[in-house]
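A.B. asks: Join these two chains into a complex; the hints should help.
Going down the list, the protein sequences come from chains S and V.
Counted from 1, the first sequence has number 55 at position 55 by our numbering; the numbering is strictly sequential.
Counted from 1, the second sequence has number 88 at position 88 by our numbering; the numbering is strictly sequential.
By construction, these hints were calculated from the structure, which means they are not laboratory data.
Using N, Cα and C, we set each Cβ at its ideal position, and we do this for glycine too.
Treat the hints with care, since some could be wrong.
[Claimed, not checked] Where chain V lies over chain S, by a calculated footprint (3+ residues, C-beta under 8 Å):
#, region
1, 12-26
2, 144-153
[What the hints assert, rightly or not] Not everything, but these chain S residues come out facing chain V in the computed CB check (under 7 Å):
#, residue
3, Asp250
4, Arg380
5, Met381
6, Pro383
7, Thr385
8, Arg386
9, Pro445
[Unchecked claim] Far from chain V by the CB rule (all over 10 Å, computed), these chain S residues:
#, residue
10, Val118
11, Ser292
12, Val382
13, Ala411
14, Asn415
15, Leu417
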Amino acid sequence: MSENPVKNAAIVRHKPMMTMKQILLMNLGFFGVQYSFGMQQTAINPIYSFLGASHEDLPLLNLAGPVTGLFIQPLIGALSDRTWISHGFFRGRRRPFFLIGAFGCALSLALFPFVWAVWMAVLLLWIMDASNNTAMEPYRAFIADRLPPSQLGKGFLAQSFFTGLGITLANLSLMFFQSMFGVGQSVGIPLWVYPAFFLGSVSVLVTILVSVISTPELEPNEKELAAMRAQKGRGGIGKFVSEIKEAVVDMPVQMRKLALVYLFQWYAMNCYWQYISLSVSQSLYGTTDSASQGYQHAVADTGVLNGAYNIVTFCVAFWLVALARRWGAKWVHAICLWCATVGLVLLPQMPTLPLKVVAIIGLGVAWASIMGVPYIMIVRMVPSTRYGVYMGIVNMMIVIPMLIQTLSFGAIYKNLLGDNPNNAIVFAGVFLGIAGLIMLWIKEPPIVRDVDTVDEPATALGD
Amino acid sequence: MQTDTILEVEREYAYPRGTVFRAFTEPQALAQWFAPTGWHVVPESVELDPRLGGRLRHTKVRDDDPDVTWVVDGVYTEVFYPDVLVTRQRISGVKGIDASRPVELRVEFTRTGTDNTILRIIQGPYTEEAAHDYSDGWESILDHLDSYLRDQEGGRA
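Next up, chain V with everything else stripped away, as it sits in the complex (with noise of 0.2 Å):
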């Protein structure tokens, strides 16, 4: 199977670009979130440097299962605070994702209306077949964002 398939995924938050940005480069921001439904991020193993050409890491495990882990390493390679993250990675331990072929990570945070933010998910290049798994996946994870946003505003209020 051709690994030709690029996903974007996009979601509106009522959220301004900056804290939105912030949820993607803080480590202990990131680790509460960053995982799809069934996983979670172990929150020793983030480390992020966003900057041109700093590290990312991070380890994710199943909640029912934490010898199955999902590891991503790579590295920053476009940062425009607050438009576009982008990063390089090698991705290991998920189905259908060959470890050894980086895939590219796009984040863009558009102001839209007066405060809100829409986020862009770009990531590749997967097979058909991955693509439609990791959509799944994101799905979920653009769900804990915005819990985790909501909290956030809450403990502030």
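One chain only, chain S, in its complex shape (with noise of 0.2 Å):
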């Protein structure tokens, strides 16, 4: 080597490490941002359906959210680590990221009652997409800009919490209006999807407000924005794909089992998110017809079912978090697969919707190990230097099993599973089971608690 320069100068900061209740308020706003997932994940679908679209076309329609995963929330992570608005109410680094998220939001969500063709739906579910993970990615970063790596597993399983809590509300709300406004007609929009949307447009705009006002951004000091600026010059998109190329080439063995892992996990949430209100209207109602009185009833209780699971989440999410740091995040993962492929492959056969309700219970586990627990595991092999860029490709091994099932479930769904909604459950829980599986080819190091657990005390030289 020829000589070393120092490029920078070391930089300093100084992090107040964060009481319960701010970690809470800091990720309130991830709470409005799911409960627009979860009326993603309930209500789109049958609103494709009342509009008439077909069933095998479902995946299709729903391309918009593994697409804009893949693309607009790398690009949103790359912008939002070299931006820093000085002045004004977008003032800060991912503040003007979670506003610009949130308004887009609030808006399709406030028009998609109002949509009277399935191309109009398609056109808004992308733009709630794009707004959805407009305010998502910059939620990654920003615990990591706030928090100390001791206490990101707190910030991400926190995320994990309200995204239960989200998504539970989302559902309920459709089963509460429903039951106000009654079934409705048989064809278009049925009354009860308006105020539903119309509050997912509110609490996506308060809880995001909430949360940036309350929890204000680290300041960078000087060398840290000169940083920012050289970095900025760096050229952008070029800059961030070579970034990710470093970062794949660099990434930890055991991190590259887990995209295995997640390839099955997410492409089977993907088909339970698609083809579960079918599942229930068949196995309850004897009918698949979205123009049916069975299969509005089978949305509210996919309602019901989506709410319970997602009770189960917040309720465990927290304690997941001090069993993975006892016994090792790769046991408790697998274990929590386990109990959703359990839940799932005895769903369908439930005749009732109370025993749909138990059955459910396995996934409500999983999906809270799903949206915290690999996240443990991720930040304890990998620098915090590079959290921002593999959030980004966690991201990626998420959204591409999602869009890998978009492409290939259709043609699965019709000539393997015979176009019955309830082996497509089936075939969901099967592939929750591989995963778990497969989480067990993980070398995850054991936990090492702290110094008094190794005896011997301190000597200085020469005691």
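C.D. replies: This is how it looks when you write it as structure tokens:
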């Protein structure tokens, strides 16, 4: 090596640790974003059906999710890393993206009930998904900005908690408004969809505003601003692509194995979301005709089921952190996934809604783990300077399986699963089980707790 | 005063990650640079066993008063070569730091460019005042690391 010009003088930061209350307030906006995702998971597919879309087209009509996740999230992540707005309401690094995302979500949710054709619903879904991703990606980076590595586990699990709560309330709102307004007309968008989406619209705006106002971003010092300016000058997207390439090359082997786990678990989750309402309709009302009253009841029942599994999610989220810290993330995640397998295999066989609620508990446990536990493993083994880019890669590990599912599952559903939505749910359960098995292939280093757990007291030289 | 501040210090070195990582894990290397200006590490005191649960110990002595010592005693809690090294330590002999409360030192090595390394030190929790004192110390320690790596490079050339 020729010479060693130290490129930067040391950059020093002081990061105050946060109390649990502060961590929850910081992540409250995640509730709004997830409320919006909850509406997407439960209400969008039935809306497609109300508008006359065929069942096997559902995966393609949902293409917005994986595609915007694949492109918008990394782009927003890279942009926000290079941003610092020093004045006004948009002041901050992540805040401008939270606010733009929240506004886009709120607007698209408010307009959704007014669609009268499938193409309009598709267009709004793309806008809603892009906005959701714009608000969500900086959230992962925001907690890495604010929290030291020792508190990141709590931060990710707080997000898991709000994911559960947001999606639960989205689903419960669908059920509540349906019972209030009745199932309504047999064609077009039923009346109960309107207030549920309006409530979602308000929730996204309010919760994100509370988060950004209550949790100011850490002010970068002069050296950090200079580094940020230098980064900006180093070429935007090209630089970002090369950062991803470097991170993939340097990616720890265990994280590569995790990508395979993700392939099966996210393929499975997409199957579940797309076919659960049809499965409930088939198994409880004996029809998959979207114009039937049975199907409308099934949509409300799906709201109950999705609400139920998400209640389980937020009940167990923090408990899972403790278990993962004690026994390791690998076993905790594998067992959680197998709980989902048992639940989803039994779900279509359950003859009543209460029994289906019992069966869905397994998925709730798995969903809590999916949203939090693998992150605990990742933050152990990668440098925090790369959390941003690795979160982008993890995001790709989520959306690529969803994209593969979107493109492949229509044919599998028709040719292999006999056009039967119940089989699609069992298929999802089996895939979650396979993901659990692959999890066992990961070698997770044991957890060493503290200096005091290892013997021998400190001795000064010469003592 | 609350012990709730985490200190982060970051610097880029024109050396590969493996080289910088070894400067933290080889006793003879660490003894040569791991002290702020005005202090030095007693070479015989350095004990490093960089594997999970392995011990690390060393004593620093003030250059102008050998009676003033600073003892670090810890255990490795994460070792992911060449990315991450985490230890839990009890530090005694330093004003403002309670020796009975272990602190965590996380050292991260990120490749940047062809073969440079971004070194990030994350240490705490401290009181805000202690974090300020320690950040000055780290800046001079990282200067010494730079000199050490340069000398090593010169020695090999």
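A.B. asks: A separate judgement is required for each hint: does it hold in the structure or not?
C.D. replies: To see whether the hints hold, each was checked on the structure:
no. : hint    : result
1   : 12-26   : holds (count 6)
2   : 144-153 : holds (count 3)
3   : Asp250  : holds, 6 Å
4   : Arg380  : holds, 6 Å
5   : Met381  : holds, 5 Å
6   : Pro383  : holds, 3 Å
7   : Thr385  : holds, 4 Å
8   : Arg386  : holds, 6 Å
9   : Pro445  : holds, 6 Å
10  : Val118  : holds, 47 Å
11  : Ser292  : holds, 56 Å
12  : Val382  : violated, 6 Å
13  : Ala411  : holds, 41 Å
14  : Asn415  : holds, 45 Å
15  : Leu417  : holds, 42 Å
When the structure is compared with the earlier hints, a violation turns up for hint 12 alone.
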